[in-house]
Amino acid sequence: MTNTMTLQALAQDDRLDPAKAAVEITAVNKWYGEFHVLRDINLTVRRGERIVICGPSGSGKSTMIRCINRLEQHQSGTIVVDGIELSNDLKKIDDVRREVGMVFQHFNLFPHLTILQNCMLAPIWVRKMPESEAKELAMHFLEKVRIPDQAHKFPGQLSGGQQQRVAIARSLCMKPRLMLFDEPTSALDPEMIKEVLDTMIELAEEGMTMLCVTHEMGFAQAVADRVIFMDQGQIIEQNEPKAFFSAPQSERTRTFLGQILGH
Amino acid sequence: MNMHNVSWVRQDMVSPSARPDRQNGRLEWTRKNLFNGWVSTFLTLASVAAILWLAVAVAPWLGNSVWQATSLAECRQLLDGAPGACWAVIRDRWPQLLFGFYPPHLYWRPVLAFALLFAAFAPVLFRSPPARALWFSAVYPGIAYWLIWGGSLWFPTAVYLGFAVAVGLISLSARISHGFAISVAILGAVLWWLYAVEPLTSTANALLPITLDVVASRDIGGFLLSIVIGVTGIAMSLPLGILLALGRRSSLPLIHLLSVVFIEFIRGVPLITLLFTASLLLNYFLPPGTNFDLILRVVIMVTLFASAYMAEVIRGGLAALPRGQYEAAEALGLDYWKAQRLVILPQALKISIPGIVNSFIGLFKDTTLVMFIGLLDPIALAAAIRANTNWQGIYWELFIFIGAVFFVFCFGMSRYSMYLERRLKTDHR
Ligand SMILES: Nc1ncnc2c1ncn2[C@@H]1O[C@H](COP(=O)(O)OP(=O)(O)OP(=O)(O)O)[C@@H](O)[C@H]1O
Ligand SMILES: [Mg+2]
Chain A
1 MTNTMTLQAL AQDDRLDPAK AAVEITAVNK WYGEFHVLRD INLTVRRGER IVICGPSGSG
61 KSTMIRCINR LEQHQSGTIV VDGIELSNDL KKIDDVRREV GMVFQHFNLF PHLTILQNCM
121 LAPIWVRKMP ESEAKELAMH FLEKVRIPDQ AHKFPGQLSG GQQQRVAIAR SLCMKPRLML
181 FDEPTSALDP EMIKEVLDTM IELAEEGMTM LCVTHEMGFA QAVADRVIFM DQGQIIEQNE
241 PKAFFSAPQS ERTRTFLGQI LGH
Chain B
1 MNMHNVSWVR QDMVSPSARP DRQNGRLEWT RKNLFNGWVS TFLTLASVAA ILWLAVAVAP
61 WLGNSVWQAT SLAECRQLLD GAPGACWAVI RDRWPQLLFG FYPPHLYWRP VLAFALLFAA
121 FAPVLFRSPP ARALWFSAVY PGIAYWLIWG GSLWFPTAVY LGFAVAVGLI SLSARISHGF
181 AISVAILGAV LWWLYAVEPL TSTANALLPI TLDVVASRDI GGFLLSIVIG VTGIAMSLPL
241 GILLALGRRS SLPLIHLLSV VFIEFIRGVP LITLLFTASL LLNYFLPPGT NFDLILRVVI
301 MVTLFASAYM AEVIRGGLAA LPRGQYEAAE ALGLDYWKAQ RLVILPQALK ISIPGIVNSF
361 IGLFKDTTLV MFIGLLDPIA LAAAIRANTN WQGIYWELFI FIGAVFFVFC FGMSRYSMYL
421 ERRLKTDHR
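If you read the sequences in order, they're chains A and B. Heads up: the first sequence is residues 1 to 263, going by my numbering. Heads up: the second sequence is residues 1 to 429, going by my numbering.
This is chain A alone, in the form it adopts within the complex (with noise of 0.2 Å):
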């Protein structure tokens, strides 16, 4: 494993070496209450990886994910993302959420916004972009996953699966370099599901990093360069996709993979 300490050192010049880690979590613990939800998770994402995570509900993948883009706050252990260590500094936190794009199982995408100004939000309040240019660059995504013709409706005038390719735009519009999916195609009809995890492929063959929550199987076997089990707040198992489904080596994993593939 990397060590932390060179890892920020170097950060400035390791930005764009495609060795580096893009998150490196270590020995992170966190509690809700007395619930221990969390426990020794450690885990490096290489830039460009793609990671498929798994496991039985309440295990703890959201919370994981989460801890990431500071959604939630880990009680110990670090985690660096592109460089920068959270902290409770809040412009560290700033830095890692303007890198780090977040799609979610409810698609949150804003009501009273339409689909375009949904888009071009972030860009121009945060990235401080001119109006202009974020609107050729929201529209630019919003081609990109297929939806360039509804970007004045609202999003209540959308179905599900165009709501959540506007959300994956919206991250994108944020040109992130690192993308976390929660569960984005649990709330979904299976027809609309395709139609999302096809623009999730066509995002991983770009060479976005992922890390994504999610029950697709078919899903990891396409893509994931790693697919990690979660039990109990523990990372159980990871390995490559193909070993992971043919030989699985942990008996929950077993357990799990027979419960979502056998019927």
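The hints are simulated quantities; they were obtained by calculation from the structure and are not laboratory data. Remember, predicted model here, so these are calculated numbers, not experimental data. Do not rely on the hints blindly, as some may be mistaken.
Here are the computed distance ranges between Cβ atoms for each label pair [said to hold, decoys possible]:
(1) His178/B - Ser132/A: 26 to 34 Å
(2) Arg254/A - Asp12/B: 54 to 62 Å
(3) Arg341/B - Ala247/A: 38 to 46 Å
(4) Ala187/A - Val48/B: 49 to 57 Å
(5) Met13/B - Glu133/A: 36 to 44 Å
The list that follows gives simulated cross-link-like pairs (lysine-lysine, DSSO-like), each with its CA atoms no further than 30 Å apart [unchecked claim]:
(6) Lys338/B - Lys153/A
(7) Lys338/B - Lys135/A
(8) Lys135/A - Lys425/B
(9) Lys350/B - Lys128/A
(10) Lys338/B - Lys128/A
(11) Lys91/A - Lys338/B
(12) Lys153/A - Lys350/B
(13) Lys92/A - Lys425/B
(14) Lys153/A - Lys32/B
(15) Lys338/B - Lys175/A
Heads up, the beta-carbon is just placed ideally off N, CA and C, and yes, glycines get one too.
Fit chain B with the ligands to the given chain A structure using the hints.
Showing chain B with the ligands alone in chain A's frame:
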């Protein structure tokens, strides 16, 4: 068709046809809504009877209205024993009901201020207000003050310069720290208002006098007073209420505690108590000799009172937003204030519109309470008019008129809020 087989395929399509007549006729509507069972029939008949009785009772009184008379006695003479309304009192005294004892030759000043009020509110009507309109809204309070109270134009100008001082201090000390800059700015502005406004006004006025005749606060009354208190209270209680609501939801313990104590204290005390505090007690606390205008004190109290209610209404709106909205805003890198301003408040305020307008209407009607501390609101003026021998004994006409004017304002606000809700409805639920 044969439904007993499991497999079945439709052979001929059914084309749409008109709805049966019996179900959408007017007769059907009446039967369903007015005479649906004996309870409903009884209620319908009773209501019709009540309306008829009221009409029969009031019609002759309204029908025999007297508009031309100089005293109640003359009215009675003209009516000659028949029941009738004596609207002549309104005709005789309406300027007083509108302006109190404001000097009649200066009526144009409050009227102009009232007309400009609509220009100042114009930005609210537009989706994206032009910058120039916002500037006018910002300077309007100064202009309105100058028009209504008169005096030197340099006085409101000097007060406004206090804000410029605050902004200047913020930009000077912002590099040191955020909180420090704000404290310095507030301190600087307060010192400016306490010590620089007076001398600056008199110096500037000596060099270049731009003055209007001074009108004392005790001469301002009637609906002019209600509108001054109501509009200022409304305009200031909304931002204050927003800050209090955010404070109450804040994770900083001190700010949370202060907001809760303020809101609960103000809500727990009757407005009339606060008004008496404003009129009597403040005199003890303020240094002797300070001339702190009574209307200003009342405006401050009314604003504080309304903002506590406003805060709770807005807190309801904030609580109604799903957590995902906060999280999405944070994940995009928006800081607290930007997230509030761009994502959270637009939605929370929209949800709270009915409650906010409810508070506005309540505040506007509560302005009549100022009569108890000796200010001449329309109700107090009605009493003053009755005290005159000419109009002794007249009640209904004055109160109906005052009630009608209040109704027009409040109904206007209510309709505007409904329009606003419809216009802002973008969630397509
Ligand atoms: N704010 C909270 N306060 C207390 N407990 C929480 C909170 N959020 C989550 N938990 C608990 O922490 C555990 C992990 O939650 P988390 O949402 O990370 O699970 P998950 O693996 O994402 O599950 P799912 O597949 O259902 O989304 C759960 O047992 C949950 O009940
Ligand atoms: Mg989850």
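Hints and how they fare:
1. His178/B - Ser132/A: 26 to 34 Å: Hint holds: Cβ distance 31 Å, inside 26 to 34 Å.
2. Arg254/A - Asp12/B: 54 to 62 Å: Taking Cβ atoms as reference, Arg254/A and Asp12/B lie about 56 Å apart, which means the hint holds.
3. Arg341/B - Ala247/A: 38 to 46 Å: violated, 53 Å
4. Ala187/A - Val48/B: 49 to 57 Å: Holds, since Ala187/A and Val48/B (Cβ atoms, about 53 Å apart) stay within the stated range.
5. Met13/B - Glu133/A: 36 to 44 Å: With a Cβ separation near 53 Å, Met13/B and Glu133/A fall outside 36 to 44 Å, so the hint is violated.
6. Lys338/B - Lys153/A: Measuring from Cα to Cα gives roughly 23 Å; hence the hint holds.
7. Lys338/B - Lys135/A: With a Cα-Cα distance of about 19 Å, the restraint between Lys338/B and Lys135/A holds, given a limit of 30 Å.
8. Lys135/A - Lys425/B: holds, 24 Å
9. Lys350/B - Lys128/A: holds, 27 Å
10. Lys338/B - Lys128/A: holds, 12 Å
11. Lys91/A - Lys338/B: holds, 14 Å
12. Lys153/A - Lys350/B: Cα-Cα ~19 Å, so holds.
13. Lys92/A - Lys425/B: Roughly 37 Å between the alpha carbons, so the hint for Lys92/A and Lys425/B is violated.
14. Lys153/A - Lys32/B: The given pair, whose Cα atoms are some 40 Å apart, is violated under the 30 Å limit.
15. Lys338/B - Lys175/A: Given pair Lys338/B, Lys175/A holds - Cα atoms ~20 Å apart, limit 30 Å.
Checked against the numbered hints listed earlier, the structure breaks hints 3, 5, 13 and 14; every other hint is satisfied.
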